[in-house]
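Going down the list, the protein sequences come from chains H and R.
Read in the working numbering, the first sequence has 160 at position 160, and its numbers run on one by one without any break.
Read in the working numbering, the second sequence has 1030 at position 30, and its numbers run on one by one without any break.
Straight-line C-alpha distance at most 25 Å; calculated DSS-like pairs for lysine-lysine:
#1 K1225/R / K225/H
#2 K1238/R / K1280/R
#3 K299/H / K1298/R
No lab work stands behind these hints: they were computed from the structure.
2 protein chains.
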Amino acid sequence: MTHSGMPPAGARRHEPDVETIVGGILGGDRHLLSRAITLIESQKPEHQEKSHQILDRCMQHKRSSIRIGVTGSPGAGKSTFIEALGEVIIRDGLSLAVLAIDPSSRQSRGSILGDKARMEKLSGRKEAFIRPSASSGHLGGLSPKTHETIVLCEAAGYDVILVETVGVGQSEVEVETMVDFILLLMLPGSGDELQGIKRGIMEIADAIAITKTDGAQEGIASLSKTEFEAALRMLPAKYPFWHREVFLTSSLKGSGIEEVWRNITGFMDLMRGNGLLLEKRREQLRHLLYGLVEQMLKKEFFQNPDVSILQAGIENQVVSSQLSPFTGASILMDAFIRRR
Amino acid sequence: MTHSGMPPAGARRHEPDVETIVGGILGGDRHLLSRAITLIESQKPEHQEKSHQILDRCMQHKRSSIRIGVTGSPGAGKSTFIEALGEVIIRDGLSLAVLAIDPSSRQSRGSILGDKARMEKLSGRKEAFIRPSASSGHLGGLSPKTHETIVLCEAAGYDVILVETVGVGQSEVEVETMVDFILLLMLPGSGDELQGIKRGIMEIADAIAITKTDGAQEGIASLSKTEFEAALRMLPAKYPFWHREVFLTSSLKGSGIEEVWRNITGFMDLMRGNGLLLEKRREQLRHLLYGLVEQMLKKEFFQNPDVSILQAGIENQVVSSQLSPFTGASILMDAFIRRR
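Chain H extracted, bound-state conformation:
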């Protein structure tokens, strides 16, 4: 439940000041945008002070973007799909930011930089900004920091924000509190691959794209399409006005990608029209507020020296039934509010 003390990779001795960073972000300076994100991901109190000032300023200039969550099991071909989708988005005259998150491991930076390296074409485009987002060991994967990063990217004027998450249930539930549309990527084939789907993911998907439907896979793919459509019918509707579709795509042949993008923009038009987008954004801000409060509160608690000295010992005594959870929790709380 504690936050990993991982030092921010890009933290420098002499950081540019808030004005410079904000000006740079609004002016589309990628380096200053990256620095600001690094500041946000930093655990140092002085960095948080500064990043909150930056975020406040950016909030005032934020433009509304299309926020898309792209999720799927490892190996579903997320990176190559995002590259192909990115090309379509850019062809539409829009810019995009890709935030890659790997909440399933503390090694996120490593593995994500791997993903990033695989998005060669896209990272070469001036219309695209690709950035790994550390989960800071936040319980449930996505941290409010991801939401904060979205705010910065919107201030920087990116029209589309793609949040890429590995398919681990909880993180998808959290990504839903930050994005407008959730796209689930699945490999062709039945049974086995489906084991990769974790709790809740299929329920919150607004569309499913079956990837790598080329070559030998084509036959299996159309079969999977039927299976997924059946599965979606078994699940509660997310919006009464939205029918969730299953698309056959191939990043290799570039087929189906265009259709997925049209599906997303069609959804956004509906959400703007019926006012649900505004409602959703308000709810997302509320969620962010309390997410931040909870994060600060837990941090305050578990970084409290009196608490951290006791924690491991208390936990061991509790799970081995030597100490009741009630006494254990009270001891930790007493240490926190310094009654002892």
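Chain H is fixed; fit chain R onto it per the hints.
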């Protein structure tokens, strides 16, 4: 996020002391058991002090029970099913405690007492203890208090604990952290009824019982059985060694109930055999410890006078974008740690 200040219905001027209550619980005194549960549900600090002492003592005497979560949409016939299942359990020479929870509403006491009234047969049996459990407005429905109530019932020697929850996703995810087996009750019929299933419930079910499969429903019921079996195949396996079955039951005819009970006991034998039950109980204790810490921490925070004065205003400014969530959260935190 705050806790409802609902006063404990059964709180009296002159409570019996800890010794008396613990002695009563261990001796199977239902009235003292009920009083202890009321103490647990109380928000008064002095009651919490006392209830933790009681829980500590009970923890030392707790016996291992079979903990079953029974969930399903409103109208799925949970109460009548539990009555029928209770009869089977009692016929097996076992005693049971039924904890009915309605996390979906603050009116829980009311609606649950309604359920309780409907369990007439069972509440007449000396082998059964039926108790509504208030969710205390805990975020996500089930509160640690439910887990604490389970501890008391185990100390009282009940062999089987049934935790009844209304089918709202989050509460099922939480009930999984307290029980050994989750039974999902579903009405016969497809599509429409399935809309009642919320996120995650089907994934965490260890078995599904289709209820009210009598009279005109019999035809539809067997169809639903096939549908649910297909849906379960689409979902990730919860345990590699456990095949989740779908049962056709009728509380009216008493059919299928026996089979469900055999299924549950068979599952428990496997879990004891492979040591997973012990592992699960350790994990449940860890979850309870941090659940209690989080509960105490949030309570400490949102009941802080400086915080509660500001909260509503801050939230409104944040959702209407007049104030950034970052500043909003910081203002509340500063108020809490009294930096202002």
